[in-house]
Amino acid sequence: MSAPLIADADHPVPLLDVQSLGVEFQTRSGTVRAIQDVSLSVRRGETVGVVGESGSGKSVLFYSVLGILDAAGRVTGGRAVFGGLDLTAASPSELAELRGREAAMIFQNPRAALNPIRKVGRQIEDVLARHTSTPSAQLRARAIEALAAVRIPDPERRYHAYPFELSGGLCQRVMIALSLACSPSLLIADEPTTGLDVTTQAAVMDLIRELATRRRMATVLITHDLGLAADYCDRIVVMHAGHVVETAPTAQLFAKPRHPYTARLVATTPHGAQSLSALAAIPGNLPDLRRADLPNCRFSERCDRKEAACVSEPLTTTEFEAGHRVACRRPL
Amino acid sequence: MTASSTLLAVEGVRKLFPLGRGGVLDRLRGRRVPLLHAVDGVDFRIGAGESVGLVGESGCGKSTLVRLITRTLDPTEGAIRFDGEDLARIPARQFASAPQRPGIQMVFQDPTDSLNPRHTSRDAIAEPLRRLAGLSGRALAERVEEAAAQVQLPEALLGRYPHQLSGGQKARVGIARAIALRPRLLVLDEPTAALDVSVQAVILHLLADLKTRLGMSYLFVSHDLDVVRLLCDRVLVMYLGRIVEEGPAGELFALPRHPYTRALLSAIPGQAGAGAQRIRLEGDPVSPVDPDPKRCRFLGRCPEGEAACASASPVLLECGPGHRAACLRLPPPGGAG
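From first to last, the protein sequence lines are chains A and Y. The letter at position 240 of the first sequence is residue 240 when you use the numbering used here, and the numbering goes up by one with no holes. All you need for the numbering used here is the position in the second sequence, starting with 1, plus 332.
For reference, chain A alone in the conformation it holds in the complex (with noise of 0.2 Å):
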């Protein structure tokens, strides 16, 4: 019937690919530079993890590929293509017709992403009704189905559910159904346990994995879990204040992370370390994005290695090996 996930991980063009990326939002105390120069791609069946800190634009850059930035924001420059479509250029119609159908996001907070005052099977019911041609006399039926395929329990009672009637994590359920409910084949889950119990967390996760498997959709996890990442991630991306620093497939970035950042990001994760004292701070904040003078290696002021090229020329980025590249003029 398909190909084996294998052929698709090797497909020539991937499912996703935002290149050189550029986004800037206007405020009243100047203009923001919040994603620059970004470029990423996913394929079908893979699942990438983009990691940063807050305020890194992990979020920010896929509101902009999916058009749902806020008013004030803007794409400067670059492309994202999903699927042969530049949804950089694509009008407001063709993204609604998409979202939700080909691509869909799980929200950070489910209980602010959910309608308070709407039953979550009827929610449910909404997004079938809007994206897919299901007759309505069967959409209660493929609504109870849709929650019973992420393992809610007693999936006909829990139809009739309120959002706050819910435990946390059957809510975060209900938003990775309301997500999958049109089989897409992208699906972007933000931080999609933040909040969860490690249990829950890891019964959440194994969900999003099993599902992503099944339907060989392409998965971002955006994360500042680096543990969580390592663990459910093909490939990971590293942000820091709006560019990507690094990117390789997990179990080498974590055996050899190249930029400083990134050896700093490992360092600061509680797991593995044996003692307190072994657990490292990064210096230094991410840098302001209104500034006129940014470095052009936006990490330079918090990092030990710099040199006057880090701020005064264009960051270069190096392949070490397939697929391990990095942003950084003085590598590790």
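Hints are computed from structural coordinates only; laboratory data are not their basis. C-beta: ideal position from N, C-alpha, C; glycine also. There may be inaccurate statements among the hints.
What the hints assert, rightly or not - Quick list of simulated restraints, FRET-style, between CB atoms:
#, chain 1, residue 1, chain 2, residue 2, range
1, Y, Ser-429, A, Glu-145, 55 to 61 Å
2, Y, Ala-640, A, Glu-145, 36 to 42 Å
3, A, Arg-291, Y, Ser-390, 39 to 45 Å
4, A, Ala-112, Y, Asp-406, 32 to 38 Å
Said to hold, decoys possible - Partner residues aside, some chain Y positions facing chain A, computed with beta carbon under 10 Å:
#, residue
5, His-537
6, Asp-556
7, Leu-613
To be verified - Computed footprint of chain A on chain Y, listed as stretches where at least three residues anywhere in the stretch have a Cβ under 8 Å from a Cβ of chain A:
#, region
8, 389 to 396
9, 557 to 569
10, 594 to 601
We have chain A; now place chain Y onto it with these hints.
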């Protein structure tokens, strides 16, 4: 931590919430109002200068226990001895003006939500000093600056409002406010959950440093087990209102005895490469409303449950030095482990 004197002793504490008031008819018919067993017979101690971690899933009663200890909620039964004195006898309404009140302080989960947006950092830190220590004027200003210095919050930031501060700075304000009264017990409810990993590392170092310098005890509530492992001397694992395992942090993490603790530890992300077999818990916890007293509450989700677990509720038994677990399947004390 062996010979340290006990600062806090929680003894047989229970908190049962009645669900609904039960109408007149119900009472006439002798029908009981269902009770939610939020905290159901908890015993533990915190030594002076000791830091104890409290872990468990949401809904296990961690927050209720914290509210009982900080005395914003009255226990149904049991004693909460702080420095030898039973605080459970002071009604929650009167505790705010009790002399013991400044001795227990709390750091809340989300530094953004727990700070008044219309108060500057200085106001936030001064508030408890003004109310509970009765300070004002020069003395108040000095104590505020001292607390700010202790958490390494630059004085220039004291005039700022929460929206003008970064997450890490807000966390520092929350900690400064709690330590300003020089408490002996600091209760920290997920103090780093809202922070980035890089900031989290800095705040954890600060907390460890403050504990040694000021000689406080910590009750550290978290569901980030890695953080608990790094910061705590001893760990309590809670499941549905009860403590199911307690032990020295190093030993509990290396050799967990209760199946629930094992499942919790194996759910920590970042272990896929370690070759460890994941333990996955199926289903939801049993309802905390009128649970069967003669049945292990973990049964149903427990990967190791057996028939005997349905007819006997396990109690905490010694399974190592300072290490106790409540599971019927554990070998009896003294037996080969």
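- prompt: Do three or more residues from the region 594 to 601 of chain Y put their C-beta atoms closer than 8 Å to C-beta atoms of chain A?
  reply: That given contact holds, which follows from 5 residues of the region 594 to 601 of chain Y lying within Cβ reach (below 8 Å) of chain A.
query: Is the shortest C-beta separation between His-537 of chain Y and chain A less than 10 Å?
result: 7 Å, holds
- request: Can you take a look at whether the region 389 to 396 of chain Y is actually covered by chain A? Rule is 3+ residues, C-beta closer than 8 Å.
  value: holds (count 3)
task: Starting from the range 32 to 38 Å, see whether the pair Ala-112 of chain A and Asp-406 of chain Y falls in it by beta-carbon distance.
output: With a Cβ separation near 33 Å, Ala-112 of chain A and Asp-406 of chain Y satisfy 32 to 38 Å, so the hint holds.
Given hint Leu-613 of chain Y near chain A, where the shortest CB pair must fall under 10 Å: Leu-613 of chain Y check passes; min Cβ-Cβ to chain A is 5 Å, inside 10 Å.
- request: Given the hint of 55 to 61 Å, check if Ser-429 of chain Y and Glu-145 of chain A actually sit that far apart at their C-beta atoms.
  value: Taking Cβ atoms as reference, Ser-429 of chain Y and Glu-145 of chain A lie about 58 Å apart, which means the hint holds.
query: CB of Arg-291 of chain A to CB of Ser-390 of chain Y, is that within 39 to 45 Å?
result: 41 Å, holds
query: Okay, the region 557 to 569 of chain Y and chain A, do three or more residues pass the C-beta test at under 8 Å?
result: That given contact holds, which follows from 6 residues of the region 557 to 569 of chain Y lying within Cβ reach (below 8 Å) of chain A.
- request: With a cut-off of 10 Å on the beta carbons, see whether Asp-556 of chain Y makes it to chain A.
  value: Since the shortest Cβ distance to chain A is 7 Å, the answer is holds.
- prompt: Given a hinted range of 36 to 42 Å, is it respected by the beta-carbon distance of Ala-640 of chain Y and Glu-145 of chain A?
  reply: 39 Å, holds
Of the hints listed earlier, there is not a single one the structure fails to meet.
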